[in-house]
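Asks: Listed here are the chains, written in short residue letters.
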Amino acid sequence: MATDIHTCTTLARCSLTYTTLARCSLHAVMSLPSEESIYNLIPKTVTPESKPPRYKSMFSSTVRSDGRQDKACSKTMGPAKVQLSSPQDFLKKHSKEQKLPEREARATNRECKPQRPLVPRHTEQPQMGSKSNKNYVTTNAVNNIMAVPRKPAAKYVDTVSGDTFDLVASGLVPKYTNKKDYGKVPGFLERRREDMTAAQAEYDCYIEESLRRGQMEQVTEEERDTLLAGLKANWEDLHHQYQGLSVITDTAPKKARKERMEAEMKQLEKDIELLERHHRLYISERLS
Amino acid sequence: MGEAVDVQSLELVSVIGFGGNIPGGLVSHPDGQHIIYPLGCTVIVEDIQKNKQSFLSGHSDSVSCLACSTSGNFLASGQVTHMGFKADVIVWQFKERALYCRLTLHMVKVQAVSFSPNDKYMASLGGQDDNSVVIWDLEKKEAVCGSQAAMQSAGPVYALAFCNTRDDLFVTGGNHTLRVWELSPETRKIVATDCNLGQLKRIVHCIQIAPGDDYMFCGTSSGDVLQVNLSTRLIQFYGPQKNKLSCGIQSLQLLPNGGMLVGSGEGTLTTLLPSLKRTRTMSRVSGTVSSIALSKDSKQFYVGTGNSQRYVVELESFSPQLISSSHCSKVTDVCFPQKSSDLFATSSYSDVRVWHADTGKELLRLSTPNVTCHAVAFTPNGKAIITAWDDGKIRAFYPQSGKPMYTISDAHNKGVTALACMSDSRTVISGGGEGQVRVWEVNKSGQHMTAALKEHTGTVTCIKLRNNDEECVTASTDGTCIIWDLIKLVRSQVIFANTMFHAVCYRPDECQIVTAGTDRKIGYWETHDGSQIRELDGSESASINGMDVHGTRFLTGGGDKLIKVWDYDRGEVTHIGIGHSAEVTKVKVAPNGCHAVSVSVDGAILRWKMLPTALLGPPSST
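In the order they appear, the protein sequences are chains A and B.
Numbering-wise (full-length UniProt numbering), the first sequence opens with residue 1 and increments by one.
Numbering-wise (full-length UniProt numbering), the second sequence opens with residue 1 and increments by one.
The hints are simulated quantities; they were obtained by calculation from the structure and are not laboratory data.
A quick note: this is a predicted structure, and the numbers were derived from the prediction, not measured.
A virtual CB, placed ideally from N, CA and C, is assigned to each residue, including glycine.
Be a bit skeptical, because a hint or two may be false.
Stated by the list, open to error - Think about it this way: if two alpha-carbon atoms lie no more than 20 Å apart in a straight line, the pair counts; the simulated DMTMM-like pairs of lysine to aspartate or glutamate are: (1) B/444 - A/35; (2) B/403 - A/35; (3) B/383 - A/35; (4) B/339 - A/35; (5) A/258 - A/285; (6) A/44 - B/342.
Said to hold, decoys possible - Now the stretches of chain B that chain A is said to cover, found in silico as 3 or more residues with beta-carbon under 8 Å: (7) 337-347; (8) 381-393; (9) 455-468; (10) 476-482.
Work out the full structure: start from the sequences and follow the hints.
Replies: Now the structure itself:
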């Protein structure tokens with residue numbers, strides 16, 4: 001509660017700062033400002049809740065009095081009567097211990113599949129004196145005669161003294177130019193380009209769509225026709241009235257009427273001309 | 001008049017107050033059980049465990065410095081006086097809580113006091129007008145020697161500290177001066193050596209000397225700490241070089257691990273490493289950290305701030321916990337709600353606070369910066385706190401959340417000085433500095449002035465209403481008290497006296513009023529014709545500022561710092577309450593009559609125990 005003073009005053013920054021220091025009761029904090037009362041600010045003294053009296057069984061006195069009576073409690077049945085074992089089966093050492101079952105001998109890997117031949121036993125005698133009839137000299141000679149001559153390794157010589165070096169590793173023989181995809185654009189770049197063009201197309205599409213949405217509305221051909229027809233009908237109407245006017249315009253109302261009709265017809269003519277001159281018409285806002 | 005009654009003393013229940021502006025004012029006693037702090041002219045010794053206070057009063061004016069000896073046997077306190085007069089240093093015996101000796105040599109102000117480690121000597125430092133340092137022999141209770149505290153070219157000296165092991169070495173520090181003094185008792189001389197700070201120009205506000213007496217640490221107004229070697233008198237280093245404490249280091253306390261606690265003028269509390277670098281541990285308190293006092297076990301420390309708040313801070317967690325708060329300037333008014341004696345509100349400069357009477361805890365604070373509240377009142381239904389401010393506004397607040405309810409702007413053009421609320425809680429009567437009494441109707445639609453009663457020519461100081469709301473009485477400094485008819489809204493009676501009335505009260509049966517003012521007289525007057533019935537001498541020396549009637553008694557308090565309980569009928573003082581250290585501004589008896597609260601100029605709020613009395617009967621025919 002105490003530290004609140006400081007924090008509240010620093011937090012409140014209006015011209016009238018205020019601080020509630022009392023966290024007196026939940027009711028006080030939650031009450032509406034119109035229902036506030038100074039008497040709620042009095043810190044309520046919290047009386048510790050008194051514990052209910054300890055439970056006491058209604059039978060406790062009976063139990064106690066029964067227990068006090070002299071009863072031979074363990075003399076009801078006596079010890080169990082069982083057959084005694086014969087003196088030969090006397091109790092032996094460890095005979096009462098629990099015996100675990102014999103562990104079954106498990107076959108190990110080695111026993112299953114001997115990887116090497118067994119070492120000769122000490123009783124075994126090595127076989128001595130065995131002889132082969134193969135004529136190694138002729139066999140070798142025949143093999144050599146029949147052998148396909150080996151291809152010499154590709155080498156190059158770059159000094160007068162005849163030092164040779166491996167030709168393939170030297171880079172003098174074209175190797176990479178013979179590759180299948182030499183000189184071609186790698187596949188991942190192709191894929192990326194495709195992605196980019198697709199994204200660009202989508203974006204363009206979106207821009208076009210948004211532009212189309214934002215642009216002014218075009219008057220359709222039918223609308224234009226109806227407009228023109230309506231205007232012309234109005235003009236006809238006015239013109240008919242105009243023709244029916246008296247020849248002499250002697251009074252002010254007559255003059256005013258004639259002038260008004262003339263002005264209206266002029267405006268209609270202007271509008272009709274505008275509609276006829278242009279075929280594409282756009283309207284910025286349609287009045288509903 | 002009856003026979004003379006022996007005057008009993010009024011029992012003081014509790015004091016809410018702390019003079020927070022005094023540097024190093026909050027002192028922790030070495031026994032770990034008491035903290036000592038000044039309040040106006042009094043020094044308060046508070047038992048932390050029992051929460052019991054005892055008072056050392058003997059100063060004639062505000063206490064300006066406080067120190068406790070290392071053994072804890074002695075306390076010393078210095079004071080300020082008026083220009084040209086000598087200011088006392090009083091040494092107190094702690095156990096007996098008694099005055100040991102009064103040492104008078106300094107002019108105008110005693111800036112600081114410090115005891116030598118073996119309680120043999122005491123050093124005292126004079127203020128700016130005195131500029132001297134004096135060594136006192138505590139056994140002989142006399143001065144050993146004295147000297148000019150700083151060179152003429154240097155500014156005032158603020159801090160003084162004795163060594164921890166030697167009785168003959170102490171230091172002083174101030175505006176561009178830092179001196180180490182050596183005392184030779186045989187020749188009765190003190191010799192000063194100025195410390196060489198090189199290029200640094202600093203104003204030292206607090207000094208602490210390391211336990212081994214090899215270094216001293218000086219907190220400066222620049223926000224850094226100087227570490228000075230005491231043997232060579234050379235500056236060792238200073239820090240923190242970066243991120244200095246804003247508004248200067250106002251208090252400093254060394255820790256057993258070699259680091260130190262520092263408090264800044266801005267209200268920051270932090271610790272510095274022995275290398276004088278800042279650490280991460282930091283917290284903020286409200287107001288200037290004027291004093292830090294380490295507890296005996298060094299696990300926590302007490303902090304006193306310029307806003308008169310006291311905190312306790314655990315060194316581990318470093319989060320300040322408020323122990324007590326109080327007003328730091330003159331308390332102008334006090335009032336109880338009509339139906340409760342458990343809480344009361346006090347008004348002061350820039351805030352109004354609501355206190356719980358039993359615990360002295362602050363429940364609510366309504367702050368309005370830079371204006372003074374002159375009067376405070378609760379509406380009788382308790383749904384608003386109405387306050388009168390010297391910017392001419394009446395402000396009402398919700399009593400629980402403290403949110404503003406309404407403001408009457410320009411209620412009076414020289415500030416609102418008095419306030420009362422009728423029992424319907426909708427009509428407010430206010431008095432202003434220009435002398436008008438105005439009646440305001442407060443509705444849901446707004447606040448409207450129904451009448452402006454222009455009779456007084458001086459400040460309206462007190463407004464009291466009758467129970468039936470048909471009449472009120474106002475007191476003014478122009479020497480009149482006026483009884484107003486609130487139905488016709490005209491003056492019905494006026495009382496003249498050659499005084500400035502400060503307080504007026506109805507007798508409970510409302511056939512008489514009692515007045516008090518600067519002429520030290522208490523007057524009894526008839527309400528129906530305004531004639532004087534009786535006049536009593538309320539005080540021997542100073543004006544009476546506050547008065548409240550309850551039952552057969554009434555209370556007065558005033559410039560003589562005493563609270564007097566009077567028997568109404570006999571007109572005699574039955575009890576006297578001694579405890580205030582400054583002029584009493586207002587007194588109020590709780591609605592149940594079991595206690596009374598008085599407030600004073602130094603910001604103290606005192607609660608007195610009263611015995612409830614029977615209500616006053618009809619006036620006896622004399």
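Asks: All hints are to be evaluated individually against the structure, with a verdict given for each.
Replies: Structure-based check of all given hints:
1. B/444 - A/35: OK: residue 444 of chain B and residue 35 of chain A at ~14 Å, within 20 Å.
2. B/403 - A/35: holds (13 Å)
3. B/383 - A/35: holds (7 Å)
4. B/339 - A/35: This hinted pair holds, its Cα atoms lying about 17 Å apart.
5. A/258 - A/285: Outside the cut-off at roughly 34 Å; violated.
6. A/44 - B/342: holds (11 Å)
7. 337-347: holds (count 5)
8. 381-393: holds (count 4)
9. 455-468: violated (count 0)
10. 476-482: violated (count 0)
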